[in-house]
Amino acid sequence: MSEMVTLTIDGKEVKAPIGSTVLEAARLAGIKIPTLCYLKDINEIGACRMCVVDVGARSLQASCVYPVSEGLKVITNSPEVREARRVTLELILSNHDKKCLSCVRSENCELQKLAKDLNVDDTHFEGASNHYEIDDLSPSIVRDPNKCILCRRCVSICKNVQTVSVIETNERGFNTIVSSPFNMALKDTPCVNCGQCIVACPVGALREKDNTDKVWEALANPELHVVVQTAPAVRVAIGEEFGFPIGTRCTGKMVAALKRLGFDKVFDTDTAADLTIMEEGTELIERIKNGGKLPLITSCSPGWIKFCEHNYPDLLEHLSSCKSPQNMFGAVLKSYYAEKMGIDPAKMFVVSVMPCTAKKFEVERPELASTGYPDVDVSITTREAARMIKEAGIDFVNLPDEQFDDPMGDASGAGVIFGATGGVMEAALRTVVDILTGKDNENIEYKAVRGVEGVKVAEVEVPGLTLRAAVAHGLGNARKLMDQVRAGEADYHFIEIMACPGGCVTGGGQPIQPSSVTNLIDLKAERAKAIYAEDESLTFRKSHKNEKMMRLYEEYFEKPGSHKAHELLHTHYVLRENYPEECCK
Amino acid sequence: MFYRSHVLVCGGTGCTASQSNEIIKQFEKLLEDNNIENEVKVVKTGCFGLCEKGPIVVVYPEGATYSRVTPDDVKEIVSEHLVKGRIVKRLLLGEKEAEDVSKALEDVGFFKRQHRIALRNCGVINPENIEEYIAREGYLALGKVLTEMSPAQVIDIIKKSGLRGRGGGGFPTGLKWEFASKPQADQKYVCCNADEGDPGAFMDRSILEGDPHSVIEAMAIAGYAIGADKGFIYVRAEYPIAVTRLNIALKQAKEYGLLGRNIFGTDFSFDIEIRLGAGAFVCGEETALMTSVEGKRGEPRPRPPFPANKGLWQKPTILNNVETYANIPAIILNGPEWFSGIGTEKSKGTKVFAIGGKINNTGLVEIPMGTTLREVIYDIGGGIPNEKKFKAAQTGGPSGGCIPADKIDTPIDYDNLTELGSMMGSGGLIVMDEDNCMVDIAKFFLDFTVDESCGKCPPCRIGTKRMYEILEKITEGRGEDGDIEKLELLAKNIKASALCGLGQTAPNPILSTLRYFRDEYEAHIYEKRCPAGVCKALLRYVIDEDKCKGCSLCARKCPVNAISGELRKPYHIDQSICIKCGACMETCKFGAISKV
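From first to last, the protein sequence lines stand for chains A and B.
One point on numbering: in my numbering, the residue at position 222 of the first sequence is 222, and numbering is uninterrupted.
One point on numbering: in my numbering, the residue at position 113 of the second sequence is 113, and numbering is uninterrupted.
Hint data in this document are derived by calculation from the structure and do not stem from the laboratory.
It cannot be assumed that every hint is accurate.
[Claimed, not checked] Straight-line C-alpha distance at most 25 Å; calculated SDA-like pairs for lysine to any residue:
(1) B/473 - A/310
(2) B/296 - A/145
(3) B/251 - B/295
A quick note: this is a predicted structure, and the numbers were derived from the prediction, not measured.
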């Protein structure tokens, strides 16, 4: 317990820990102070001035960064304070593109909500406004500076959390703009498409590249066999778009809704996650046995892969050659499944619903077309899937639960936990340890690799070896770990890296929760709980116990790591420059 | 080597721009031609202050001050004064017929009422020669501090002296040092704010150009007082002469062992690095300056934590302005009582002002606190050109405000200026006469702030822009009922809620002109009239038919052919074409054209 101080907020005595802010102390006292730029632990810069309070100083102070002190007297709700907040908000609105009706964030916009809460007049301070070009050239992210309110939440997450740093404030004063260096298109920068900027944005200035049109078009084409696969993290978050509490598993309703949208088959990407474990586990064992490059690093997260290609081109050999589950699945669908069903792969259209915006970039990688056709045709985010369901008028809330389609429908619990940080590692350990010990181990919950800690490590004893594993989520943490690898200080056999903090459950394509929620609860942990609950509910919790998938090996691939498996399930990586040289001169 | 004469040539930025380097070359050449280069020494000094009359050349031992010297004048000074010993009276500043020329200089009002502490060496020594500084008791204060005093004693002296920050805020310097001396830390820093940015202000530049060692010495003293061994001088890259001389001074100080390890044989070590600012006004704000020194985009951050606890790289840091530092060695050597004996009750010592605008003696002056505005304008500044009427003085630059004519006898100090709705600021003082429109003045300063806002917080980023737009509307004749109230609403709330000092003070030019010249705003809005005749959209040039002789001169001069008429009959101005340049009025020999 840290030391406490006593202060007075609006006449009420409050005890708060030393080091906490007035905003936090006010919350303890049940007093809500409006915020806009504040993102706990990520963007604490006191820039937007919405949370100003009177602390008896010469000017009003931003409560999100003002420390509590003994005897401090705070007024949060005087006419002066309310007027200052309202004037500031009206000023923000005077330079904001107010096309709320057609904005993707309408009804989930923090600015809109504040405007309503503070009862503002948006015409009070009319004047010049900025007009910028929209950058929609990236396959993943659309940037609309006309909607940007310069809160810098995106900048902080990109720079400080992800250490990607492809957006910053440029120019100054009224011409200040958040943009990439030299205002280059995002696609020409080392942006890894993780989309964390989107989920940090309080307004509609950052959004995913919408691919729903392409899906609608495919669904309407009678020539095409349109199938969809959904990643594990989607089912534990999509319900939020329809009013379910955070952490509600909506697997059955999601499957039912996708079927009603008209998909010919609805598959579970988790099956391919089991496939990934078989392939990656085999790769790990082979590298350990044959003195291959270690540590082996996972390759499921496309944001991480691009980050590695840009920042650690010298370490690409450490990456597993396994495709991500999404693309393994796509390749299997257009080969094994197409053959089995007698469908021409040219007439097959594979859609993926992913918690991820980087998947949109991944599906466009030219090397990911093993069958001669793209493994996956279109990737949409959880948010886009929810929009399609709404647009189709499907009553999601009241849908009956339905099952994924056979023959690829069943997945093990190991596949499910891919959705949370540490999940791939845990899934891999469940299988690798069984193989290396030659028995069916009962102790399968590797809790050391679970949780929200930035870098987690675990050691597992197997005959003749202490298997050392590390897990990092969030690219800033990945960078720390990779610097150790580069310096030869990372004595691990296996590393799992996920680009997004928390892993896929809090991916850049997931439903957006406002800061009023994320500042109070740990979204990562809440959604991960649902993932682990789903794991526990399943009979098979080890990938190699997934019978249907093992049949796939028997019938088609022969064994993990076979020639055919390599052809369809593995890939290679490319060296990527950071910025064109002429920019650095 | 002894010289019988010394020729001091001003090497400040202003005089350099008026060819003082050329003048020095001429002197050197002609001295050589006359074979007296071993008898007469030419010294390039810092600013004398009287920039209006530059380039300034002073010849010692006579103390003859020559003003507005051109390279062509050098020949006469050499042949007459330096060879024949006859003063060149036509170039003398002040009383040209005086017997004792050096006394004449002291009698010049401009110098007579000044009290030079911060500027003590400016125009006296060669700033590029550390020995000249040492000869003027340079580094004596540092030696005294390091060998005779404890850090606490140093802080105590500065506190007792009553010195307050000269950068604008006026925070007690000794207190600031004391705060930074308290935290235990493995590293502390001493920073110098040389990011002078107020339009028309050049106090800090002149000190750095004329006496860089005084700042270096003071920073070392500060380092000793708070326990720091590292200093940074943040100086604008647009001050190339100052930067060059600082670099020379730092190099020499290191060579002499006055910076570096174990200074004066003690265990105190101190070093200084220069950081060049790219010219953003906001980087004069302390937290923005430190952010910029760290190599990041120069933007302020909220306080607390204050720099004394968490400054540069999160370490305890003090930041003082150039002029503040320049006072320190003198205070140490002469004692706090000497310093606190100068000035008013709460504002001790002197203040350097850069006087500009409608004033005869544009330049740099150092006056005791408590001098009245009237003395500064009329006795030192030589009054207002063309016998125009004094209207107001603007101090504090874009963060300050106006002092109207009826307050001209107010003694200048921190508290009085704040009381009047202005502020001391860093020392810019712009004099305005009856031809200045106060709405236009407010617009000028707002334009500056809009340009210089860093863009971090909305009140400053958007609010100043909106205020500027309203002022623009008013001066263009589109003002309407409610505009003043809207300005007041914005001003009040920007002041209350902006993140840093730049934003919080940005409304001051508007608030202070509204306070003293509200009628001018109202005339613009309700009568569509600019009383000072400045706002073009609100004035018309007209020809008085009775006075016009029909000479056609104005019609020929008009750049847009807005004037027509028949010879020897009254001419007319077509208002729809007129661009209000005023050329016709200047041209008319009969005073027939006027602004209404």
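Quick rundown of the hints versus the structure:
Taking the CA atoms of residue 473 of chain B and residue 310 of chain A, the gap is near 51 Å; set against the 25 Å cutoff, the hint is violated. For the suggested pair residue 296 of chain B and residue 145 of chain A, the alpha carbons sit about 22 Å apart, so the restraint of at most 25 Å is met. Taking the CA atoms of residue 251 of chain B and residue 295 of chain B, the gap is near 23 Å; set against the 25 Å cutoff, the hint holds.
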